[in-house]
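> Residues per chain are reported as follows:
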Amino acid sequence: MLNISGLTSGYGPVEVLHGLSLYINKGEIVAVIGPNGAGKSTLLKTIVGLISPQNGSILFQDRSIERQPPEYVLDRGIALVPEGRRVFAGLTVLENLHMGAYLERDSSRKKKQIDYIYDLFPRLEERHQQLSGTLSGGEQQQLAIARALMSRPKMLLLDEPSLGLAPVIVEVVIDLINSLRKEGLTIILVEQNIHQALEISDRAYVLVNGSIRMSGSASQLLETGVDMEKAYLGEKI
Amino acid sequence: MTIEVAVQQLINALSLGSLYALLALGLGMVYSVLGMLNFAYGELLTVCGYTMFLLILIGVPFPVAGLVGLGMAIGVSLLIERLVFRPLRGASFISLLFASFAASVIIQNLIKQLISKRPKVIPVPEVFDQMINIGPFQINVLSLIILLVGLVTLAGLVAFLQKTRWGLAIRAAAEDFEVTRLMGAKANRVIALSFALSGFVAGVAGVLWLSRRGAVSPTMGFIPILKAFIAIVIGGLGSLKGAVMGGFLLAFIEVALMVMLPTRAVPFTDAFALMIVVVILYMRPEGLISIKTGS
Amino acid sequence: MLKNWSRRRVTSAFHTFWMLALVLGIISVAAAVIDDRSITRLVTDFMTLCVLVIALQSFIGNSGIISFGHVAFFGIGAYSAALLTITPKIKAIALPALPVYIQQMQVSFTVAVLMGACLSLLVAIITGLALSRMAEGAMAMATLALLVMLHSIFANWEQVTRGTIGVYGIPRNITLFNTWICAAVVGGAALLFKASPTGLCLQASRDDPLATGTLGVSVAKTRFAGWVLSAILMGAGGAMWAQNNLAFGPNQFYYAETFNLLSMLVIGGICSVTGAIAGVAVVTLVGELLRGLENGLSIGTWVTLPELPGIVQMSIACLIIVVLIIRPQGMLGLNELSDFVYKRRMTKKNT
Ligand SMILES: Nc1ncnc2c1ncn2[C@@H]1O[C@H](COP(=O)(O)OP(=O)(O)O)[C@@H](O)[C@H]1O
Ligand SMILES: [Mg+2]
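Chains as they are written, first to last, in my numbering: chain A, 1 to 237; chain B, 238 to 532; chain C, 533 to 883.
Take the hints with a grain of salt, since some may be wrong.
Computed cross-link-like contacts, EDC-like style, restricted to lysine to aspartate or glutamate with a CA-CA straight-line distance of at most 16 angstroms [unchecked claim]:
# : chain 1 : residue 1 : chain 2 : residue 2
1 : B       : K423      : A       : D75
2 : B       : K423      : A       : E183
3 : B       : K349      : C       : D739
4 : A       : K26       : A       : D62
5 : B       : K354      : C       : E668
6 : B       : K400      : A       : D75
7 : B       : K423      : A       : E171
Calculated Cβ distances over 10 angstroms to all of chain B for the following chain A residues [unchecked claim]:
#  : residue
8  : D62
9  : L74
10 : L91
11 : D175
Just so you know, these hints were derived from the structure itself, not from any lab. In this text, a Cβ means the ideal position worked out from N, Cα and C, and glycines have one as well.
With the rest of the complex left out, here is chain A (with noise of 0.2 angstroms):
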């Protein structure tokens, strides 16, 4: 579904990617894990569009989408959810998910989406006059989410989720994730914590340094995952 090759990336002059290739299924649900500042968060936003790479091919359902505004990507039905959620603070819930259904001109189809978000998210819809700023960790993640699905996309990046959230809340969040595949959304989900995102995914990669070290089925990687700590140390010393 997404095919990326060759990819360089980075701020200005300053290369963070440095020739990286992966690719994601159908439906599947792949880890990127890798320690801080290995460039996963500049990866997401390449793909989105929000860098523009320095060279490589980004392929998304067969058309190339590298270069591309973020707007022609979620047109396209790719959506990111934020590091850090950034939900709009000083906005509503609900004005929160109108920003997420921003493309969306047909306004009855916009209320379906809402409706069907609210069911996936009860909490939302109690709250949906409230400022965003004042929901707790967990709800602004689930609103994050929730803002990201207004745009009905066909895959989802989420960058460390479970950031800053108390481990109850994480569980929920991962319960969320599970049941968004189960719907048939594919999803590549960036994370630090690898055990956590491992037991969820059907396949990782293990970002180090702008280049992938190792790849494989979630399954494997668990197995081997003294090699995978040595990767993660080896480059961070």
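Using the hints provided, position chains B and C with the ligands relative to the given structure of chain A.
For chains B and C with the ligands alone, kept in the frame of chain A given last:
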């Protein structure tokens, strides 16, 4: 002070306040979306003023001239965005500030060269100077007009920002520009929209400002932008609500000083007002409404 | 971490210092040799502007906060120099309301410059205590407020400043030699500050205010130091300027002059003292070249170009925009004069 005078001063303060609030909202709109101060904002009022001056000179009635002036302010605002700020997308705060500073000097000098270096008088409709009686109170017509137009424009803008899809995008961009792009809003379009709105507000404020002043000059934009700048800083840079509040607060401080200061100190009103503003900022370095706490 | 003087930085500041002093010295000597009135005037103007722009650089460049208020210190320096150097006879006529001891006073160039700096220091301490605590945006606004406040004082305090009429009769104490000394000393002070631990902290706060705060460095204190230092230099520059210009009014310390000085700094590069001087040079040059156009020009007997008021200012504004687009950091970027010489030496060593 009699109750009549107090009410008159109150109306003055409200009228001046709605003008300052408009000015601040226009400057704050671009600041909150782009994170930059547009120093050429004052020149939008100048452009509006000179358009009106030229039209009135050839016999166009005041209200029509005002509308065309308003349109020019929007046009020039968009032009500045396209020619100066778009090539500098992503530049630092200080670079953008200098660029807008330069744009303002260019516009001023163009006016000096194409029209005149000297101030010019604009004949305003006579009814502006009249007083009307409402109950026991005598109130200046122009103050009432400014108050009304100011409040209606503010209400219209608030409705636009609250109720429409584009308004929502502007408010979202004011919070987090990058995520707004992620939601599918085109960056250039949101920015251009904020400049258009900013130009619109400057145009309305320009017509009102001219009605008060009755004259145009190439450097007339300095005072309005100064007031707008002060107002948005008092309000808390980046908050649209704060900009409006800051505008009213500044007007109340000024009117209060004008009423209370002894005659000998009147030339120093501006200095005193600024001193009070600096004291407010000293006590609340983030302004009245801090973005970070979101309160 | 940033508590100690770095030997390398001080050395390179010193190298830049003597090279700049040398270049400015050569210009002065050349002017003295040519001994033409308008050339001498051009050079003293140039040196005075260098002092003013370097003073501006030492705050804006290190702190990254734009200040519109420095022209106020320039004015303070100028007015204090005027009051101290105008002959008692003229003062008795023009400023009869002055206290007697000021009326009687007449001091030399150096004393006037020092007094200008001191008075400016005083105002900088009072304002700096409030300003340095503010957030960046608020501080920029407050500096603009300072400009307007002091302008309204200059324009309305008639007993001391003669209001909008302005003061006159200042003796022309400036010489090629003493402007050169002033420019070199001020340049040296700015370079030394830039290399000092306080200067480095200030630059760190420019690049990342939050992180600097967490390092245990008080951002407010370093900003205060930068503010006060640059005000001292600005006041000294203002006092020099007064003794070069002989008569002036309050409108000389307002919006137009602010734009003028800031544009030189931006074109040269706000982070560099060498850049400040280069900016003054470029703007002076452009000004001299276009000044003819501004007053109208006749080519032969037939073609007469119309007067173009403001063409100089406008060209400089365009130049700023172009420089910002092509070289956002200004002509010199982050480099000082010594960086060029050293880089060349390094590459020579490597090859
Ligand atoms: N906006 C930016 N500008 C410049 N460099 C950045 C920016 N964001 C991140 N980087 C750099 O890119 C590298 C990778 O960052 P990131 O993709 O955020 O890593 P991760 O998400 O894996 O923690 C880091 O070294 C970081 O310093
Ligand atoms: Mg990240």
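> Checking against the hints above, which ones are violated?
2, 3, 5, 6, 7, 9 and 10
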